[in-house]
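**Q** Chain by chain, the residues:
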Amino acid sequence: MASTAELEKIVSQVRRDIVRQVHAVNSGHPGGSLGCAEYFVSLYFEIMKHNSAKFSMDGINEDVFFLSNGHISPVFYSVLAHSGYFPVKELATFRKLNTRLQGHPTTHEHLPGVRIASGSLGQGMSVAIGAALAKKLNKDNSIVYTLHGDGELQEGQIWEAAMYAAAKKVDNLICTVDMNGQQIDGSTDQVLPMGSLRAKFEAFGWDVLDLEKGNDIASVVTTLKKAKEHTGKGQPVMILMKTEMGNGVDFMMGSHKWHGVAPNDEQLAQALNQNAETLGDY
Amino acid sequence: MKKYTFTEKKDTRSGFGAGLSELGKTNPNVVALCADLTGSLKMDAFAKDHPERFFQVGIAEANMIGIAAGLTIGGKIPFTGTFANFSTGRVYDQIRQSVAYSGKNVKICASHAGLTLGEDGATHQILEDLGLMKMLPGMVVINPCDFNQTKAATIAIASHEGPVYLRFGRPTVPNFTASDQKFEIGKAVMLNEGTDVTIFATGHLVWKAIEAGEQLAAKGISAEIINIHTIKPLDNTAVINSAKKTRCVVTAEEHQMNGGLGDSIAQLLARELPTPIEMVAVNDSFGESGTPDQLMTKYGLDAVNIVEAVNKVLKRK
Numbered sequence: 001m002a003s004t005a006e007l008e009k010i011v012s013q014v015r016r017d018i019v020r021q022v023h024a025v026n027s028g029h030p031g032g033s034l035g036c037a038e039y040f041v042s043l044y045f046e047i048m049k050h051n052s053a054k055f056s057m058d059g060i061n062e063d064v065f066f067l068s069n070g071h072i073s074p075v076f077y078s079v080l081a082h083s084g085y086f087p088v089k090e091l092a093t094f095r096k097l098n099t100r101l102q103g104h105p106t107t108h109e110h111l112p113g114v115r116i117a118s119g120s121l122g123q124g125m126s127v128a129i130g131a132a133l134a135k136k137l138n139k140d141n142s143i144v145y146t147l148h149g150d151g152e153l154q155e156g157q158i159w160e161a162a163m164y165a166a167a168k169k170v171d172n173l174i175c176t177v178d179m180n181g182q183q184i185d186g187s188t189d190q191v192l193p194m195g196s197l198r199a200k201f202e203a204f205g206w207d208v209l210d211l212e213k214g215n216d217i218a219s220v221v222t223t224l225k226k227a228k229e230h231t232g233k234g235q236p237v238m239i240l241m242k243t244e245m246g247n248g249v250d251f252m253m254g255s256h257k258w259h260g261v262a263p264n265d266e267q268l269a270q271a272l273n274q275n276a277e278t279l280g281d282y
Numbered sequence: 001m002k003k004y005t006f007t008e009k010k011d012t013r014s015g016f017g018a019g020l021s022e023l024g025k026t027n028p029n030v031v032a033l034c035a036d037l038t039g040s041l042k043m044d045a046f047a048k049d050h051p052e053r054f055f056q057v058g059i060a061e062a063n064m065i066g067i068a069a070g071l072t073i074g075g076k077i078p079f080t081g082t083f084a085n086f087s088t089g090r091v092y093d094q095i096r097q098s099v100a101y102s103g104k105n106v107k108i109c110a111s112h113a114g115l116t117l118g119e120d121g122a123t124h125q126i127l128e129d130l131g132l133m134k135m136l137p138g139m140v141v142i143n144p145c146d147f148n149q150t151k152a153a154t155i156a157i158a159s160h161e162g163p164v165y166l167r168f169g170r171p172t173v174p175n176f177t178a179s180d181q182k183f184e185i186g187k188a189v190m191l192n193e194g195t196d197v198t199i200f201a202t203g204h205l206v207w208k209a210i211e212a213g214e215q216l217a218a219k220g221i222s223a224e225i226i227n228i229h230t231i232k233p234l235d236n237t238a239v240i241n242s243a244k245k246t247r248c249v250v251t252a253e254e255h256q257m258n259g260g261l262g263d264s265i266a267q268l269l270a271r272e273l274p275t276p277i278e279m280v281a282v283n284d285s286f287g288e289s290g291t292p293d294q295l296m297t298k299y300g301l302d303a304v305n306i307v308e309a310v311n312k313v314l315k316r317k
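Heads up: the protein sequence lines correspond to chains A and B, in order.
The numbering used here applies: residue 1 is where the first sequence begins, and numbers increase by one.
The numbering used here applies: residue 1 is where the second sequence begins, and numbers increase by one.
Looking at chain A on its own, in the form it has when it is part of the complex (with noise of 0.2 Å):
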């Protein structure tokens, strides 16, 4: 059991990594990456069971993740890196070529700790479903975990998973929405609202959880901890987690700019000036 402190701690360093690796390439998406650190951390370093030591793809016994918001590949990698996947010093490598930190995650460079391709979106729900059902056939009872933007619930193969995982009772799976209510083209609200999200997912007979300070540690963990407690109950899971896209960077945060764009140098020097080196830099 981490401490809050020492969580908060990795979330520092995870976020300047997110920063360093999007502006040393000039391209990738540090808004939504920052936004989930609290998310990711709370995770792999205190809620997931899960072997990093020695990855393997089937993950028996172990809980599993699937990113279906590929594009914030940033914050995953560095959570995989410091959680022992594979060594810090390769996030040096993220978008560059031959490396294995694709610009989406991808299995096809074998990059320990990623389980599918995810970049286009609407397909990680799917795909958890999968993973859940195979994980009940054999017998193994832990939990598979999924995070989507709330942008990305405008596709429709999300609500035909969710229509699903409700009417098959997959209950081994908790799949959490990102609602930092921004997207590429701007707010979700002015692209397409979509509405009560809750009463959406409860229509569609899902267990519905609100995380209303989804960047305070504590709170996701709290509400993590209480969604394994919901499991195995008939339903499937969902946490909607309210987020503030850029959170940690001050000029990042509360707009959809930032989605996809990197800091110069001196936008870059100003987010780590806020963001203590806590593990060390890669």
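Incorrect hints may appear among the rest.
Residues of chain A placed beyond 10 Å of chain B at every Cβ, according to the derived structure [unchecked claim]: (1) Asn98; (2) Gln157; (3) Ala218.
Straight line, CA to CA, 16 Å or less: simulated EDC-like cross-link-like pairs of lysine to aspartate or glutamate [claimed, not checked]: (4) Lys136(A) <-> Glu52(B); (5) Lys219(B) <-> Glu308(B); (6) Lys49(A) <-> Glu62(A); (7) Lys226(A) <-> Asp171(A); (8) Lys136(A) <-> Glu62(A); (9) Lys226(A) <-> Glu46(A); (10) Lys168(A) <-> Asp36(B); (11) Lys49(A) <-> Asp140(A); (12) Lys169(A) <-> Glu52(B); (13) Lys9(A) <-> Asp216(A); (14) Lys139(A) <-> Glu52(B); (15) Lys257(A) <-> Asp185(A); (16) Lys168(A) <-> Glu184(B); (17) Lys89(A) <-> Glu277(A); (18) Lys244(B) <-> Asp196(B).
What follows is a list of derived Cβ distance ranges for each label pair [what the hints assert, rightly or not]: (19) Asn27(B) <-> Asp250(A): 51 to 59 Å; (20) Ala178(B) <-> Lys89(A): 53 to 61 Å; (21) Ser56(A) <-> Thr297(B): 49 to 57 Å.
Read the hints as simulated data drawn from the structure, not as lab findings.
Backbone N, C-alpha and C fix where the C-beta goes; we use that ideal spot for every residue, glycine too.
Mind docking chain B on chain A? Use the hints.
**A** Positioned in the frame of chain A, the structure of chain B alone reads:
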């Protein structure tokens, strides 16, 4: 011309159903998914015998492909079943990202391919599926010719690690291949050795190629007939060796000319051994409603069309 006989006509989709049913008994890792077409795909026996390993996903093909990809994580070997149109074009991005690029061991099994779906018309008669699937890196593409071969292919692909597209159809066709045949992925089958021309055929056109061979033999033309059940990986050696011998080639398939078997063979021969080729295929057109036989005639996919193509290519030698 070697004589081929058959005792009955059977549909290739039933060969798939029989193969899947056998796999259900012999391989506990095989699971099956269907998008509301269990009867049409002949998956009923598997569903009845192994309800815990059968997943009815409803009319949601994209979700089906994703679930299949996920089931491989945990060691399952998923076979998805729906019509060829909904198995490929409708879910191309899901197959591309979650199956092919992710390198997942999913078997995409597709019935009612091509014009022989018949009366339902062009919305359902996909003639582009082989091309779509063969373009995906690492995807194996198989189109067997009769019931026995489809059954053998279904059983064989369970032992192949990696994504496979298996295409079959609805009409009954002569069931002439051996019931105990060994199906080798990527290995062409020599049906008749000849010297004047080679006919490379796949799927339902294989029997028509045999009929054409008999008509040609009656006129003194010796046709080599090769069944290319695996479009990808193509049996390059078999194609080149035969083209070297006969020095002219006809391809025959129930598919668009663009992207199909003829296209693969032309590409290979253009690189390795430029050879005159004629292609019996649908030429940049959608299908329409009609009986399977009427459609095959209207769109030029009969034995007579193969004979015409042979006569044409012989003049180009």
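**Q** Determine for every hint whether it applies to the structure shown.
**A** Checked hints:
Remark: the non-interface label on Asn98(A) is consistent with the geometry, its nearest Cβ contact in chain B lying 17 Å away (cut-off 10 Å). With a cut of 10 Å on Cβ distances, Gln157(A) falls inside the contact zone with chain B, its closest approach being about 4 Å. Ala218(A), annotated as away from the interface, keeps every beta carbon of chain B farther than 10 Å; the closest lies near 32 Å. Between Lys136(A) and Glu52(B), the direct Cα distance comes to roughly 10 Å. Compliance with the 16 Å bound is thereby established for this hinted pair.
Restraint check for Lys219(B) and Glu308(B): satisfied, since their Cα atoms lie roughly 13 Å apart, inside the 16 Å limit. A threshold of 16 Å between alpha carbons decides the hint, and for Lys49(A) with Glu62(A) the separation of about 6 Å falls inside it, so the pair holds. Distance hint between Lys226(A) and Asp171(A) is fulfilled; the C-alpha atoms sit about 14 Å from each other, no more than 16 Å. At roughly 13 Å between alpha-carbon atoms, Lys136(A) and Glu62(A) fall within 16 Å of each other, so this suggested pair holds.
Of the pairs offered as hints, the one joining Lys226(A) and Glu46(A) holds, with about 13 Å between alpha carbons and a cut-off of 16 Å not exceeded. For the proposed pair Lys168(A) and Asp36(B), the alpha carbon gap of about 15 Å is at most 16 Å, so the pair holds. For the suggested pair Lys49(A) and Asp140(A), the alpha carbons sit about 12 Å apart, so the restraint of at most 16 Å is met. Pair hint Lys169(A) plus Glu52(B) holds up; C-alpha atoms about 14 Å apart against a cutoff of 16 Å.
Of the pairs offered as hints, the one joining Lys9(A) and Asp216(A) holds, with about 13 Å between alpha carbons and a cut-off of 16 Å not exceeded. With a C-alpha separation of about 12 Å, the suggested pair Lys139(A) and Glu52(B) falls inside the 16 Å cut-off, and the hint holds. The hinted pair formed by Lys257(A) and Asp185(A) meets the criterion: a straight-line CA distance of about 9 Å does not exceed 16 Å. For the given pair, Lys168(A) sits about 38 Å from Glu184(B) by alpha-carbon distance, which is inconsistent with the 16 Å threshold.
For the suggested pair Lys89(A) and Glu277(A), the alpha carbons sit about 15 Å apart, so the restraint of at most 16 Å is met. A distance of roughly 11 Å separates the Cα atoms of Lys244(B) and Asp196(B); the hinted pair therefore holds under the 16 Å criterion. At about 57 Å, the CB distance of Asn27(B) to Asp250(A) agrees with the hint of 51 to 59 Å. At roughly 58 Å, the beta carbons of Ala178(B) and Lys89(A) sit within the given window of 53 to 61 Å.
Checked against the hint of 49 to 57 Å, the pair Ser56(A) and Thr297(B) passes, with Cβ atoms roughly 55 Å apart.
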